[in-house]
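**Q** Chains as they are written, first to last, in numbering that gives the first Met the number 0: chain A, 0 to 274; chain B, 0 to 314.
Careful, some of the hints might be misleading.
Derived DSS-like pairs: lysine-lysine, alpha-carbon spacing no greater than 25 Å straight-line [stated by the list, open to error]:
| id | chain 1 | residue 1 | chain 2 | residue 2 |
| --- | --- | --- | --- | --- |
| 1 | A | K137 | A | K230 |
| 2 | A | K137 | B | K49 |
| 3 | B | K21 | A | K134 |
| 4 | B | K25 | A | K134 |
| 5 | B | K44 | A | K137 |
| 6 | A | K137 | B | K21 |
| 7 | B | K49 | A | K134 |
| 8 | A | K134 | B | K155 |
| 9 | B | K25 | A | K137 |
| 10 | B | K184 | B | K234 |
| 11 | A | K138 | B | K21 |
| 12 | A | K138 | B | K25 |
| 13 | A | K166 | B | K25 |
| 14 | B | K49 | A | K230 |
| 15 | B | K184 | A | K166 |
| 16 | A | K134 | B | K44 |
| 17 | A | K228 | B | K49 |
| 18 | A | K138 | B | K49 |
| 19 | A | K166 | B | K44 |
Just so you know, these hints were derived from the structure itself, not from any lab.
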Amino acid sequence: MNAELKSKLQKDAARVRMNVIEGTFNAKSGHPGGSLSITDILTYLYMEKLNVDPKNPRAEDRDRLVLSKGHTAPALYAVLALKGFFPIEDIKTLRKPDSYLQGHPSMHMTPGVDMSTGSLGQGISVAVGMALGAKLNKKAYRVYAILGDGEIQEGQVWEAAMFAAAKGLDNLTVVVDNNNLQIDGTIEEVNSPYPIDEKFEAFGFNVINIDGHDFEQIAAAFEAADNCKGKPTAIIAKTIKGKGVSFMENQVGWHGKAPNAEEYEIAMAELKEAL
Amino acid sequence: MAEVIKKATRDGYGDGLLELGKIDDKVIVMDADLAGATKTGVFKKAYPEKFFNAGIAESNLFGVAAGLSLTGYTVFASSFAMFAAGRAFEQIRNSIGYPHLNVKICATHAGISVGEDGASHQCCEDIALMRTIPGMTIINPADAVEAKAAVLAAAKYEGPVYMRFGRLAVPQIFDEDTYEFKWGKAATISEGTDVAILATGLMVNEAMIAAEELKDKGISARVVNVHTIKPLDEKAVLAAARDCGCIVVAEEHSIIGGLGGAVAELLSEKLPTPIARVGVNDTFGKSGPAVDLLHEFGLDAAHIVKAAKDVVKRK
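Here chain B stands alone, though its shape is the one from the complex (with noise of 0.2 Å):
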């Protein structure tokens, strides 16, 4: 068997950012002083006149982001998750979603997989505060080579994006050369008939394994790649739920307001269907090894596989 190759989103972000400094001079890097675990500081090096550095000072961050793309640029600002969609929720809302402006906010180090420096900088709820903002668009790539292809999709994208990436290094799943994001659109990844498992971020990997765990079991899984959580592709969900009759959402965010709360939200109005939600189940994390957490959190193919086979018993 082929090696896994393991990289974390954030160096998909760093990868995507490179790319545009090359292909794209509106492009500017903002950070508020950690550019190296944000991976800007790669752009950074390669064109340190288009990378401003806001200090520790977030609300002034996304401002800034949010004057300077009204002088024509495409701004990229980075902090971690708990720092953007958390302590400056309110300037992403006034000042860069009410007016929709062209600012891309990449947060990094979202969710339980930050490990050991614990609840405080553990970012479950993002997806659930930006989702209340009209007009944003949010994307939680898979892995790496999404994670730098959904970069140069959102700047071409005139507006709003939060996009969500991981520190924790995450098994490759796509081939870089064939890869194709497509905005908005929900992927299938594999074809099933008794349970959809609706995965976005580090759990579509999780997906594809209890899957493929679950096939053993004789149940016949779809697994769709949620990458765009907003605006959501509702087609792509309510056929998975009309086609597989259950549906699994599984995320690295909390349980209320995310992917799950989504999905929910949309079935029970069009499509009353049995659900169930893997995710943090509305509690702060903690210190430790990053897999470990994920495995102790239920973030892991084993929970999918146990939440699959009990949504299919209430078909």
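The following block holds chain A by itself, in its conformation from the complex (with noise of 0.2 Å):
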């Protein structure tokens, strides 16, 4: 990755940052710190990777993201934003009545939303589903599923990884944000699903172990996943809860709260000196 690239997508992670703070603080709620997490590559997924287009939003051949960890729609909702496919001062409607940016993201009211989601463990099954019909069609498109580390406690997560992978569904890949919190504490506290990669490798996948904050490492993987025939790839990212916010990485805390006035303005401050 070229160093001008490399520095355009940091910038660009940045400005979706600002509007994850700028989202949850208007909206006095939401889940900042794994949207943070998860920004990079979501980033470099929107702004470098997919084959989406703002303008028609249902492409018939574009490439589909399932935001599986659904709580983390600010996030997605930034980079939407920013990529154009509505306009970025409406992330400040986010969770207000009428608006069409929802606590979780809902297919029908947000242009960019491939899947309604927000009910863990259930993204990715439509994912596989989606992935399928690719194939069944003869599509080239390729299904990404975003997943958080916590949610894949759910027995369903692993109900479609044996589909898939049974399925031999390479045009599929699946990203794991390793963060290491979930709402009640550390993954491993809580109910540990380590180790993470064996397990995916043990359900037949391509798995590949990644800085999920390291853009050249994020695309290597993605490329890699795209080479691989015959399976579908899993990426493990290795994330910091609440990245970017000093006050906000690794803070369990921060997994479902809004910042306040005080807050949003030294969060602001620190993500702007990245621009």
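Grab the two chains, each in its own frame, and use the hints to assemble them into the complex.
**A** Shown next as structure tokens:
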């Protein structure tokens, strides 16, 4: 990856993070922690990787992305807005009555959202169905499912993983946002899903471990997924919950809490430095 | 008297799928390791490339069906009612109902007539569960002919449909050559003025027998086949209440939340009318021959007759 692209992506990601803070601050609720941990990956996918067109959000041949960890909708909305699916200023309407930016993604309300999600464990199955449909339709598009590391405690995730591998869905890439925190504590304290990579391997996936904040590793992993034939890919992305905002990083309390006015100012000032 | 043909509605489902395979290349069928029992196996045999087995994983089954529907397919996904409406309720609610996707949830082995497998498999709660999902259509055919016709009609409708089929071979009421499935319309099978019996599923046949018995006792009973429970044909229900002055609802389902619940909700708001509900009386089932169980749990013509005589007195 050339330095120019890397720098652009880092700035894009900073803008996305600022809009995560903007949205949750205005909503006085929402999930900044997991939104900030998945920001770099969503930024790379939408700004660089996915074949999507903001002017034609339902194009038949587009790539699809299912945000299975639907509570991190603020990051998805911020990146969709940056891509041009809707005006960035609408981020301030997040979670408000009459807003098309619901607390969790709603496919019929928000341009660019491919599936309604929010109930953990379900999005991956839908992504698997989309990938199977692409194969049946002989379409070349790829399908991406973004999961939380706590989310993979849901049994349905493994039902879906088993099915995807059994059907050889190499057009499916699953990302696990391994920020190590869930509402009640660290994922080990609550109910450890580790080793995540070995579990997906055992289920028949091509598995890639990366630093989920390193754009070069992110780009290489998705490229490797493209080139893997015969099996789906799982990218286990080691991330930092709350990444980019010092007082939110690795703090379980910022899973589902909005910043107050003072915290908002500090967070925005920190993120601005990355622009 | 001509011999009565008996055939399970699940077989009508299989017939419908086979027909769809011929005429609609966008139909995909899925199952969760029950293809032989649900009759999706009939489709699998004829169109193996359009059939997918999720294995014993109903949550994933309905999620994958949702995803496939988003790539342009009409997906018929099957399991037993217990594991479709029951186990996968929330997947159906959130991944199919909320985005209003084109998935047909085809649940067989509904009700007490599952028989020997007993209570764990006798789902008498599915209509109640599915009724609470906004935008869900619920169809409960009375015989195999109606089942097949309903399947063909559901394929033409864009959106989620819950279809309920039985395991037990039941008398064929309708003539395949003349039967027409009218989407969303309850069908009056016989006219009557003293009491209206609103029946669904295998209770339609029992209602017809009951109406004959009531006639002998001087009670004129209207029989209405409510094959579509949601959206309820409110016009037909209100007309029945207005014309007859009292209602018996008969269903192979809990008396809580099913057709009886739907009719009671409607009438209590719009046209308070004496109602008697014939159904499973808030209890679990048990093992035994299906027909014996139907009698034991009060799901037969005799119980409809008794309910009708009682409700007429409450007018």
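**Q** Next, verify each hint and record whether it holds.
**A** Here's how the hints hold up against the structure:
1. A:K137 to A:K230: holds, 17 Å
2. A:K137 to B:K49: holds, 14 Å
3. B:K21 to A:K134: holds, 21 Å
4. B:K25 to A:K134: Roughly 14 Å separates the two Cα atoms, so the pair holds.
5. B:K44 to A:K137: holds, 23 Å
6. A:K137 to B:K21: holds, 21 Å
7. B:K49 to A:K134: Holds, at roughly 12 Å.
8. A:K134 to B:K155: Holds. A:K134 to B:K155 sits at ~24 Å (cutoff 25 Å).
9. B:K25 to A:K137: OK: B:K25 and A:K137 at ~14 Å, within 25 Å.
10. B:K184 to B:K234: holds, 9 Å
11. A:K138 to B:K21: holds, 24 Å
12. A:K138 to B:K25: Given that 25 Å is the threshold and the Cα spacing comes to 15 Å, the pair holds.
13. A:K166 to B:K25: holds, 19 Å
14. B:K49 to A:K230: With Cα atoms ~21 Å apart, B:K49 and A:K230 stay inside 25 Å; holds.
15. B:K184 to A:K166: Violated, at roughly 41 Å.
16. A:K134 to B:K44: holds, 21 Å
17. A:K228 to B:K49: holds, 22 Å
18. A:K138 to B:K49: holds, 16 Å
19. A:K166 to B:K44: holds, 19 Å
This entry does not satisfy hint 15, going by the numbered hints stated previously; all others are met.
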